[in-house]
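Enquirer: If you want the building blocks of each chain, they are given just below.
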Amino acid sequence: MPRNSDTSSLEKLLENPRVWRARSQPGPAEGLSSGYAQLDRMLPGGGWPRQALTEILVEQYGIGELQLLMPALASLCTEEPGAESVEPGWIAWVAPPFQPYPPALQKCGINLARMLIVRPRNASEVLWSAEQALSSGTCAAVLLWPHVLDDQASRRLQLAAEKGGSWAIAFRPLSARHEPSAAALRLELSASHRGKRLAILKSRGGSPAVLHDVV
Amino acid sequence: MTMRPARRPPVIARDNAPPPDTSAQHSQYALPLAKEERLWFCVYLPNLPLEACGPGDKDLAVIEEQQGVHRVLLASDHARAAGVLPGQSPNAALALLPTLTLEERSVIREQQVLELLATWLEQFSSFVCVAGPDVLLLEIAGSLRLFGGLKSLRRQVAKGLEAQGFGASLAIAPTPLAATWLARGRRRACIREPANVMAALRNLPLSCLDWPPTVLESLAGMGITDVGDCLRLPREGFARRFGVKRLLQLDRALGHLPDPRNSWRAPERFCADFEMTEEQSDRELLLTICHELLHAHEQFLLSRQLGTQRLLFTFFHLKAKATSLPLGGARADRAAGHWYELLRLRFEKLVLPEPVIAIRLRGGTTQALNGTSGRLAFDGRAPREHYYSMSQLAERLAARIGNESVHGVNAVADHRPQYAWSTRDLFAARAVDALARVRQGIERPLWLLPEPELLSTDNGYPLHQGKLRFVSGPERLETGWWDEHGIARDYYTAISPRGAGLWVFRNRDRHHGGEAAWYLHGIFG
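These protein sequences, in sequence, are chains Y and H. The first sequence maps to residues 28 to 242 in the numbering used here. The second sequence maps to residues 91 to 615 in the numbering used here.
One chain only, chain Y, in its complex shape (with noise of 0.2 Å):
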């Protein structure tokens, strides 16, 4: 038997669309920097993931989970408009649980001009709204603080911020770290008298790491 015959059928066994390589796989795409030297080093692509979802777990607000994105959400309202979005650089917040200060914000660099908060009166609205911002293709970014989500809503986010080139940030507590969740990137960030303690729970493309001190 020629050796020939061998490798051609092993190569048309790998044709078949069902056999998947992980060599083959894509590397990350580019990630959208933190600002945050340590950080973009620990994240596959060199940052945040763009058109993705990403959970950031708190353990109590006031720790800095809003500077750590601010960087990043500064750059994308001052980003040149993309070739295919509309009017993009938007950031939408769903349900804050508070309310974001223009002043602080202007300091850290957004535009005021392209923010949208939204107030649903309950849990599906959340949701909702998160889902038709994410999916419209004008907010470069949605931040939503949802009451659940499990891991049907998380997966659909997900879909949402590939249709609409967007990147999702969803806050959740600390007790849903063992909640299944479809998001790219998953973070915890707590604080002790110690100091700030931000971990990679999840990375797609990436590896699990624990930081101090980012913010």
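Simulated from the structure, these hints should not be mistaken for laboratory data. Take every hint as true, because none was put in to throw you off.
Not the full set, but computed from the structure, chain H residues with beta-carbon under 10 Å of chain Y:
#1 G492
#2 R514
#3 L516
#4 I585
#5 R588
In this text the structure is predicted, and so the values were computed from the model without any measurement. Ideal placement from N, C-alpha and C gives every residue a C-beta, glycine not left out.
Take the given structure of chain Y and dock chain H to it, following the hints.
Expert: Just chain H now, kept in the frame of chain Y:
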């Protein structure tokens, strides 16, 4: 008999008019018109009462009440062939042609048909004028080039009118009145030179002039039957006997006096009804009807390059009061699909007390909305579909969760933290407000509490999850006497035992239980 020029302005506003000599020198009489020459195209519809009843019925006669008695006013060709003639009594007409349909004349319907025709004629000229109950005038001097000359334009208008079932008499002349009279006289006249107007009008019988019968009778009694005879009369005497108005009319027709006309404006607000044969409560069906109305609305606006920000649907019931459903958008739009989507969101929640018998759609005030060019998507990627602009997104969100729940923000130049910002209405048409200057060197939290939260204290020190550690402060913020919301506070940045950055203040004004009260106002997110 020679005609003398008028001397007093009230009679004829004309200075230094040459003596109107009715012999051969018409060229002398023809004064220049306005600087820019105009050409008027008259469409006279002698059979409008009949044609307004709509096509289809062969044996049709329109009757009108004249001095208490009904008489046949006009009859269709077929009926006329059977012997039905204008002026007959309805009974006589019916005896001649038993299958005859008699219709009462409706002036309102005629007017509506005339306006529809005026709208249709707007494609030929930007200046269309409804000059009488059966006369339309177009100013065509500016349209000749576009439509390939006078003949071609005339042919296009005639063809279009015929296709719509109108038998019209057309005439073209440099003055509106001359064109009207020539059309009424059924002269297929086409006069381009102002100098030739006189010659064309001279032989026109006076019956074409739409003057009252009494005037015509007395003129006929004087042996005057056409326009030429009239012009030969002395001006003063003519004005005294038959009214200055008639003399002015003659002068206008000849182009000696300007004859300004009002351009007819097609309505810019849409209003359409859909009446059902029986009551309906099937919501899907009602939505389909609304969709059809929206399509008609889109066509209406499209032809005018307009858009609207507001629509009103009214659902009529037989017994209950009508239910109205207003729709509003952030941006003027006319696309039926866009409005339909908004309608569907709102219609879900609409309570209809009874089945619906009719639906009315009324468009709001309109604004110019020019078409947008499509984008070529040749860059290999599939074009992203269903993209909305921000205003469309805001509209969609607001339609479901309420207008007040969707807003933007603004920084306001005020030193008091709670007044240093405001919400921004995304639906307001105005551009982005001038933003307050960024103040460097002062620390402000990213989160602001809607109301300052009173903190418990321990020996005068504020507590939040335990004893607070102060990082910076105090920053003293005071007064606001101008609006009675003055403050007197010392703000500090503090860290809670669990690591949260807090913005707290001590109220220097009001004391709480003998001690200065501490409040939490913001969180350094």
